[in-house]
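Peer 1: All chains, please: the whole structure from these sequences, using the hints.
Residues 87 to 400 (our numbering) make up the sequence shown, in order.
None of these hints come from the bench; they were simulated from the model. There may be inaccurate statements among the hints.
[Unchecked claim] Label-pair distances were calculated between CB atoms; the ranges are:
(1) 336 with 288: 45 to 51 Å
(2) 336 with 289: 40 to 46 Å
(3) 126 with 309: 46 to 52 Å
(4) 341 with 267: 35 to 41 Å
(5) 190 with 123: 29 to 35 Å
(6) 289 with 101: 27 to 33 Å
(7) 325 with 392: 22 to 28 Å
(8) 331 with 110: 48 to 54 Å
(9) 375 with 336: 20 to 26 Å
(10) 309 with 127: 48 to 54 Å
(11) 101 with 332: 50 to 56 Å
(12) 105 with 126: 24 to 30 Å
For glycine and all other residues, C-beta sits at the position ideal for the given N, C-alpha and C.
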Amino acid sequence: MFFTEEDKDLNQELKSNCNLIGEGLSYKVYDPQRFDKALTQIMNELDKYPTLFFLDAFGVKGVTFEQICSIADYVSKYKGELFLLFHNRAVARHAGLYKTSYRNSKDQKTAETYTQNLTNLLGHNSDLDWKPKWLECQDQEQKQKFERWALDYFKSRLQEKSSFKGVASFEIKETYNDSRPQYNIVVGSNHPRKAFGEFLNEFFCEENRLLFFEDDKSGKNHKFLTQSWNRENDERVEIIRPEIIEILRRNNQDWIMLKDVISLIILEIGKLGYLSRPKYREILVDFHKKNIIEAKELGARGNLTLDNYVRAVQ
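Peer 2: Written as structure tokens, this is what we have:
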């Protein structure tokens, strides 16, 4: 394991924590420095081993889009995955310093430093896209819209310009009813069907479900908020149904096994853990009943199973 930490005090604390639990483990804590400064040395010391990268950049500073692409190149050759903590609100704060005119040169210079950091994260010439988008988003509701746009923009650029075969994300919430998450985890993989469509989708769905446990005032009783959980799933199903129909009509012209259709939908939507695979199956079974999809043949009991071949009805 390789760790970087720029802050000197936190770097020392990191070393102390590793000493406490790291007996028998191979690890290294680099001297205090930004990740982008240590990246070349890290890449050399990985020695072509399969690697899981977890990048917790400082807001939008500490790693560039080009460096993320270099990690994608490494993973494509030697296997592994990328997990990057995308700071939604920090992205909006940096964009917020951009104006078409400034009161003085000092304000302009400060703004240029922050906005360049954002452009470095989103990629070369990304300011040609994000600056006009920001000018459209001035009130609080629109700022949240910009945060969502920036995340989708970053993911689409990574999908298009890096060697990752799949890019998806997962919201990090403090509470289940948090309407404005502070972070998203962006995941890059070269085996997205298995990593996203199966393992990570179910993992993050379970993480989301854990938000629906609540302690009572005594702190002794831990109960699950069943009604709230069911309500959120019902709302998400209604939101996602039209998008699933569009995905099926766009991609499912040939016969595909139902379990592979579920993976296809998860990959197309790109929101890991939004619904569980069983919940997607329920939607598709309902679509079959409503003649939105058709099956080549049904299971032994006349039911639609995960191994049945289906396609969108023309």
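Peer 1: Determine for every hint whether it applies to the structure shown.
Peer 2: Going through the hints against the structure:
no.	hint	verdict
1	336 with 288: 45 to 51 Å	violated (25 Å)
2	336 with 289: 40 to 46 Å	violated (27 Å)
3	126 with 309: 46 to 52 Å	holds (51 Å)
4	341 with 267: 35 to 41 Å	holds (38 Å)
5	190 with 123: 29 to 35 Å	holds (32 Å)
6	289 with 101: 27 to 33 Å	holds (30 Å)
7	325 with 392: 22 to 28 Å	holds (24 Å)
8	331 with 110: 48 to 54 Å	holds (53 Å)
9	375 with 336: 20 to 26 Å	holds (22 Å)
10	309 with 127: 48 to 54 Å	holds (49 Å)
11	101 with 332: 50 to 56 Å	holds (51 Å)
12	105 with 126: 24 to 30 Å	holds (26 Å)
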